[in-house]
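A.B. asks: Take a look at the letters that make up each chain.
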Amino acid sequence: MTKLIQSLMYGLNLGSIYALTALGYTMVYGIIRMINFAHGDFIMVGGFTLFYTIPVMKNMGLPLWFAVVVAIGVCVVVGVLTEQIAYKPVRGQGSTTALITALGMSLVLENGALVLFGSAPRNVPPMFSLPTIELLGASIPGQTLLTLAIGIIVMVILSFFIKYTKLGKAMRAVPEDKVASTLVGINVNKIITITFAIGSGLAAIASMMYTTSYVSIKNELGISLGLKAFVAAVLGGIGSVAGAMIGGLLLGIVEILVKVYMLPGTYEAVTYLILIVVLLVRPTGLLGKAVSEKV
Amino acid sequence: MLKVSNLNVHYGVIHAIEDVSVEVNDGEIVTLIGANGAGKTTILHTITGLKKATSGNVVFDNVDLLKEEPSKIVTHGVAHVPEGRHVFVDMTVRENIEMGAYMYKKKDKDKMIAKMDEVFIKFPRLKERQNQLAGTLSGGEQQMLAVGRALMSDPQIILMDEPSMGLSPLLVQEIFSIIKEVNQQGITVLLVEQNAKMALKVANRAYVLETGKIKLSGDADELLNNDEVRKAYLGA
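Sequence order for the protein chains is A and B. Each residue of the first sequence is one higher than the one before, starting from 1 at the first, in the numbering used here. Each residue of the second sequence is one higher than the one before, starting from 1 at the first, in the numbering used here.
Treat each hint with caution, since some may be false.
[Stated by the list, open to error] Taking lysine-lysine pairs in the DSBU-like style, the calculated list, with each CA pair at most 35 Å apart, reads:
no., chain 1, residue 1, chain 2, residue 2
1, A, Lys163, B, Lys3
2, B, Lys67, B, Lys51
3, B, Lys67, A, Lys169
4, B, Lys231, A, Lys178
5, B, Lys52, B, Lys67
I should point out that these hints are in silico values taken from the structure, not numbers from a laboratory. Note that the coordinates shown come from a computational prediction; the quantities given were computed from them, not determined experimentally.
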């Protein structure tokens, strides 16, 4: 029982990292029907930003969480630049072109990081040291609980933002119908840019959560994490915000449970098996719905 | 009020609109009729910036609409109810109507609420169903929602593209009486219709479009009795 609770907490922690990353995929997919394969690399960018800024904050005597603010800023800039420079020019050129461009941008970021930071793994200094907490007999590191709490708070805020604010409504309207959105006065390009900015900001928060739990980062971080989050987004139903959250949390829990109770080495195989099964059985995911082609 | 002059529009090499001039005066209902593919929708799309013109002018109240950012056109008092309704199907009826007020600033909140009341009085069905997803409405209700959403922006002119498409004869009657009602409130109407008979009955003036060119124009009553029009568009 103790083991199970502990596993579930770790699963939720990993899952909320996947969920925040999956949100970036799903929001961008929702609005421009494109899988932004560079999204995972934004997390790597956030991770390196933390690696370099945390010591600076320490030296300057500033609170360490300022580093997260810097990471959000850097990720937003990288995300918006990626959209403006690479994706906007190929918009309307077909989905294959967009996909190849996204894969290309992923390689640019990954190899750019290789040039800048080298290939050796780096350990991101801890931002907070919290006591281990006993929960129903299970001992759980404080930072696991904190990152989990942050992840959940961010998701709740995002849900409210999308549901109730004017900007949030515009972000729902544009993916649904660009013609109608333009006619009511929504600047579609602006909303697309804002969506990229928010998705990239979430990536920075995901990198904060990732580095507090897993410490080590390298330039290839984005690929594996990005692919997992992509699976989570597909599992939840790509394009659905609630689906990304549920898909992410589920995938995190499943991975940890497989690691703990089954063969530890097989958890990645299980992840991709889930992807294949979802695509075969329910390609629209848990909460997604079939999109009928308009005639 | 709205003046389209010498408009040319291309789709790649296809010259879809050739030297078209259309004028709509304050308070009028003007209709564009013509066969499928004649270019009626393209003209409306060009007016509201959904399609770029090759040359020509579109001026509304001294504003050059062709130079305006498409999302800004509604702020000049030009509303467009597009063909196929284009309601936001995954949003509630109420949210759809609120989206029609997207251009309002925070300080216009009272105006927005007043407009919404007006729309709900005009379309009680929408009020009853305000919390339902727009995708669950019938075709006629969706058309009313599209009109209601357009009215939220408090337009001076409303462009309507095939509002009667796919509706039962009874609902077609209803839609046309709504058009008249909207016009009687002082809103100018530019109507595109394949149902030429109904359109000519409700309109003051009409233009007949054939493969991208204006073939005929004049008073709607005259065109209704014009032999050529009767043969080609009224099936008589």
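A.B. asks: If a hint holds in the structure, say so; if it does not, say that too.
C.D. replies: Against the structure, the hints come out as follows:
no., hint, in the structure
1, Lys163(A) x Lys3(B), "violated, 40 Å"
2, Lys67(B) x Lys51(B), "holds, 12 Å"
3, Lys67(B) x Lys169(A), "holds, 27 Å"
4, Lys231(B) x Lys178(A), "violated, 38 Å"
5, Lys52(B) x Lys67(B), "holds, 10 Å"
Comparing the model with each earlier hint shows violations of hints 1, 4; every other hint is respected.
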